[in-house]
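**Q** This is what each chain is made of:
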Amino acid sequence: MIAVVDYGVGNLFSLKSSFAVLGADICVTGDKERIFAAEKIVLPGVGAFGDAAKKLKDEGLDALLIGEAKKGKPILGICLGMQLLFDKSFEYGTHDGLGLISGTVRPIADLCDQEVKIPHMGWNSLDFGETKHPIFKYINEGDFVYFVHSFCAVNCEKSVIASTRYGGADITAAAAFENVIGCQFHPEKSGETGLKILKAFCEME
Amino acid sequence: MLTKRIIPCLDVRDGLVVKGVNFTGLKEISSPVELAKHYSDCGADELVFYDITASSDGRKLFTEILTETAKNVFIPLTVGGGINSLNDFERVLSCGADKVSVNTGAIARPELIGEAAKVYGDQCVVLSVDIKRVDGAFHVFAKGGRVDTGIEAIGWIKRGVDSGAGEIVVNSIDTDGVKRGYDIEMLKCVCDAVSVPVIASGGAGKTEDFISLFKEEPRVDAALAASVFHFGEIEIKDLKRIMKNNNICVRI
Numbered sequence: 001m002i003a004v005v006d007y008g009v010g011n012l013f014s015l016k017s018s019f020a021v022l023g024a025d026i027c028v029t030g031d032k033e034r035i036f037a038a039e040k041i042v043l044p045g046v047g048a049f050g051d052a053a054k055k056l057k058d059e060g061l062d063a064l065l066i067g068e069a070k071k072g073k074p075i076l077g078i079c080l081g082m083q084l085l086f087d088k089s090f091e092y093g094t095h096d097g098l099g100l101i102s103g104t105v106r107p108i109a110d111l112c113d114q115e116v117k118i119p120h121m122g123w124n125s126l127d128f129g130e131t132k133h134p135i136f137k138y139i140n141e142g143d144f145v146y147f148v149h150s151f152c153a154v155n156c157e158k159s160v161i162a163s164t165r166y167g168g169a170d171i172t173a174a175a176a177f178e179n180v181i182g183c184q185f186h187p188e189k190s191g192e193t194g195l196k197i198l199k200a201f202c203e204m205e
Numbered sequence: 206m207l208t209k210r211i212i213p214c215l216d217v218r219d220g221l222v223v224k225g226v227n228f229t230g231l232k233e234i235s236s237p238v239e240l241a242k243h244y245s246d247c248g249a250d251e252l253v254f255y256d257i258t259a260s261s262d263g264r265k266l267f268t269e270i271l272t273e274t275a276k277n278v279f280i281p282l283t284v285g286g287g288i289n290s291l292n293d294f295e296r297v298l299s300c301g302a303d304k305v306s307v308n309t310g311a312i313a314r315p316e317l318i319g320e321a322a323k324v325y326g327d328q329c330v331v332l333s334v335d336i337k338r339v340d341g342a343f344h345v346f347a348k349g350g351r352v353d354t355g356i357e358a359i360g361w362i363k364r365g366v367d368s369g370a371g372e373i374v375v376n377s378i379d380t381d382g383v384k385r386g387y388d389i390e391m392l393k394c395v396c397d398a399v400s401v402p403v404i405a406s407g408g409a410g411k412t413e414d415f416i417s418l419f420k421e422e423p424r425v426d427a428a429l430a431a432s433v434f435h436f437g438e439i440e441i442k443d444l445k446r447i448m449k450n451n452n453i454c455v456r457i
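In order, the protein sequences belong to chains A and B.
With my numbering, letter number 141 in the first sequence gets 141, and the count goes up by one each step, no holes.
Each number in my numbering corresponds to the 1-based position in the second sequence with 205 added.
Treat each hint with caution, since some may be false.
SDA-like mimics (lysine to any residue), calculated; alpha carbons at most 25 Å apart, straight line [stated by the list, open to error]:
| no. | chain 1 | residue 1 | chain 2 | residue 2 |
| --- | --- | --- | --- | --- |
| 1 | B | Lys348 | B | Arg264 |
| 2 | A | Lys57 | B | Val324 |
| 3 | A | Lys70 | A | Gly60 |
| 4 | A | Lys199 | B | Val324 |
| 5 | A | Lys137 | B | Asp246 |
| 6 | B | Lys363 | B | Asp353 |
| 7 | B | Lys420 | A | Arg165 |
| 8 | B | Lys323 | A | Glu59 |
| 9 | B | Lys276 | A | Val21 |
| 10 | A | Lys196 | A | Phe128 |
| 11 | A | Lys196 | B | Lys393 |
| 12 | B | Lys411 | B | Arg385 |
| 13 | B | Lys242 | A | Val21 |
| 14 | A | Lys196 | B | Val324 |
| 15 | B | Lys323 | A | Thr94 |
| 16 | B | Lys363 | A | Cys112 |
| 17 | B | Lys420 | A | Ile118 |
| 18 | B | Lys393 | B | Thr354 |
| 19 | A | Lys137 | A | Ile26 |
| 20 | A | Lys70 | A | His133 |
| 21 | B | Lys323 | B | Asp367 |
| 22 | B | Lys393 | A | Gly60 |
| 23 | B | Lys420 | A | Ala169 |
| 24 | B | Lys323 | A | Ser150 |
It should be emphasised that the hints constitute simulated quantities derived from the structure, not laboratory data.
All of these numbers come straight from a predicted model, not from anything done at the bench.
Only chain A is shown next, with the shape it has when bound in the complex:
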């Protein structure tokens, strides 16, 4: 069973539908016991970092997620859910994240040396770097995925498993530390490529 954490942030319709076509056993829940009992956890999220981090804390989900991650349970953060895995975000103030992957979250515009549109919205291609992470086992370098974001993870070089080019900069597209994985893009909106990434996550031990 995969628990998709429902903490009132973002639209979970597509994520539910994606796992449904993959035949995965999932539950969308904010219930701590069910998340605790699940074999894997997906942390989605859209919106502002500060609000989302506060919601996780208010529900007591932050400590639970950190505990489950330390136990070795596979965790996949998506979009804002990915950014929450890092230490800190500088989106409208300074906010603490879960600290499961070391790094911080900054405005994309700070990185780009060319004038670009913000948000970084649309389909962009993945560069894997030297090694291919198991989450990408069914896809190829250069495949396109769908992004919508104005902030991105930085100072996380050791954890980057995929990047994408935007505005003359390499933007963190995915990062991982041991069993904790984060995708900045939306696999549930990335067509066949995205479904293959979710399939690989479903198969992780």
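Let chain A serve as the given structure and place chain B on it in line with the hints.
**A** Then chain B, alone, in the frame of chain A:
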């Protein structure tokens, strides 16, 4: 590199796809669910559903069709038509829409843009504008392009972006249905004014129209079209291959 997006638009009335020429003389085509799947398989980067239903029965059919589509199609879905309130946003987002486009509803009550952006985020709010030249000025038209509001379009778009619209659809009534190419002059004016993604709409007739759009105004992010795709005059796969051959970055 970020690709240029190709977006088929499905005008839906009472659960069926239609496409008008200059917004009148609508002709029904086929099932939106099938068409959406077909487009997604052919490489469409995104889909837009415009609900042009007038009755509440038809509106219910629309949400059913939307739900069915969203369960099976995993590319971004934008929904527009009849969006006048936050309740309307909620209605379509809960059925699987990713973005919601506002048009007449925002003209009637401009605060809608800011309210929706605050609740759902800028990325969720698309401002769609029907524009026509009137005495040499760009005017915003309401109600499916039938009513001249007298509002100057570029100022309206700027205010929309300032309020939180995350993307703009520029639909030129002057070129819509004529199939002689996109309204590049109008699009340049919009791109000069705002820095959010801009989607061109109205006027696609042949493959070259897409090429000249992105060559002549590289700041345009996406091209929207309906009839050329629905009637099979242009296959999205072929279009993207030709775009790529012309050094336009596309997802293949």
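**Q** Would the pair B/Lys420 and A/Arg165 pass a check requiring their Cα atoms to be no farther apart than 25 Å?
**A** holds, 21 Å
**Q** Holds or violated: A/Lys70 and A/Gly60, Cα atoms, limit 25 Å.
**A** holds, 16 Å
**Q** Is A/Lys196 close enough to A/Phe128, meaning Cα to Cα at most 25 Å?
**A** Holds, at about 16 Å.
**Q** Given the hinted pair A/Lys137 and B/Asp246, is their Cα-Cα distance within 25 Å?
**A** Holds: A/Lys137 and B/Asp246 sit about 22 Å apart, inside 25 Å.
**Q** Below or equal to 25 Å on CA atoms is what counts here, so check B/Lys411 against B/Arg385.
**A** holds, 8 Å
**Q** Below or equal to 25 Å on CA atoms is what counts here, so check A/Lys137 against A/Ile26.
**A** holds, 22 Å
**Q** Could you grab the alpha-carbon distance between A/Lys196 and B/Lys393 and see if it respects the 25 Å cut-off?
**A** violated, 39 Å
**Q** With the threshold set at 25 Å, check whether the alpha-carbon distance from B/Lys323 to B/Asp367 stays at or below it.
**A** Given pair B/Lys323, B/Asp367 holds - Cα atoms ~12 Å apart, limit 25 Å.
**Q** Checking one constraint from the list: CA of A/Lys196 to CA of B/Val324, max 25 Å. Satisfied?
**A** violated, 31 Å
**Q** Is the hinted pair B/Lys393 and B/Thr354 satisfied, with a Cα-Cα distance of at most 25 Å?
**A** holds, 22 Å
**Q** Can you confirm whether the C-alpha distance between B/Lys323 and A/Ser150 stays at or below 25 Å?
**A** holds, 15 Å
**Q** Does B/Arg264 lie within 25 Å of B/Lys348 when you go C-alpha to C-alpha?
**A** Answer holds: B/Lys348 to B/Arg264 is near 17 Å, not above 25 Å.
Violated hints for the displayed structure, listed by number in ascending order: 4, 11, 14 and 22.
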